[in-house]
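*Asks:* Sequence:
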Amino acid sequence: MSPIQWALTFITYAVLCVLLWKGRAPERLAGIALLIAQMGTPLIAHITVNGFRVGVAALSLMLTTSLVLLALTGRRWWLIAAAGVQLIALASWGYQLIDPYAQIWGAVSFRMVVWMELMALAVFGLFEARMAPYARRGA
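Residue numbering for the sequence shown follows the working numbering, beginning at -13 and increasing consecutively.
If you're looking for bench data, these hints aren't it; they were derived computationally from the structure.
What you are looking at is a predicted structure, and each value in this text was computed from that prediction instead of being measured.
Among the hints, a few may not be true.
[To be verified] Label-pair distances were calculated between CB atoms; the ranges are:
#1 Lys8 / Phe38: 30 to 40 Å
#2 Trp63 / Ile84: 28 to 38 Å
#3 Gln(-9) / Leu83: 34 to 44 Å
#4 Leu21 / Thr59: 34 to 44 Å
#5 Leu83 / Met117: 33 to 43 Å
#6 Leu55 / Ala77: 14 to 24 Å
#7 Ser(-12) / Leu58: 35 to 45 Å
#8 Arg116 / Leu55: 16 to 26 Å
Ideal Cβ placement from N, Cα and C applies to all residues, glycine included.
Based on the provided sequences and hints, a complete structural model is requested.
*Replies:* Structure below.
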């Protein structure tokens, strides 16, 4: 891994730890889904069909579904944004299915940027959970 990848991995785990530690119920559930996606990716990356990483794409679909359900049931606007950002990442998998000769590393880099956007939204979600009056009145 490059130094940038190490830094991004460190940022990811730091954000996820704080999300699970300081977040309220919606943040913790989102943190669990994000943690499963982060830790599960290397474990299932080898599952491919004709070069298409079916396992990782399925994990991306799981994360999208989790964030959409949390956005629909939770009272946090950051979850709506996170679900939208993750939906963009999921759409990139669809593009790769349509055009298997697409620039694969470009798609991977794009997904890394989207992941960092999710981490930034998670940090904002912590502030929302702690500061917003509507977030303090319950979960």
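*Asks:* For each hint given before, does the structure comply? Return the numbers of the non-compliant ones in rising order.
*Replies:* Hints 3 and 4 contradicted; others consistent.
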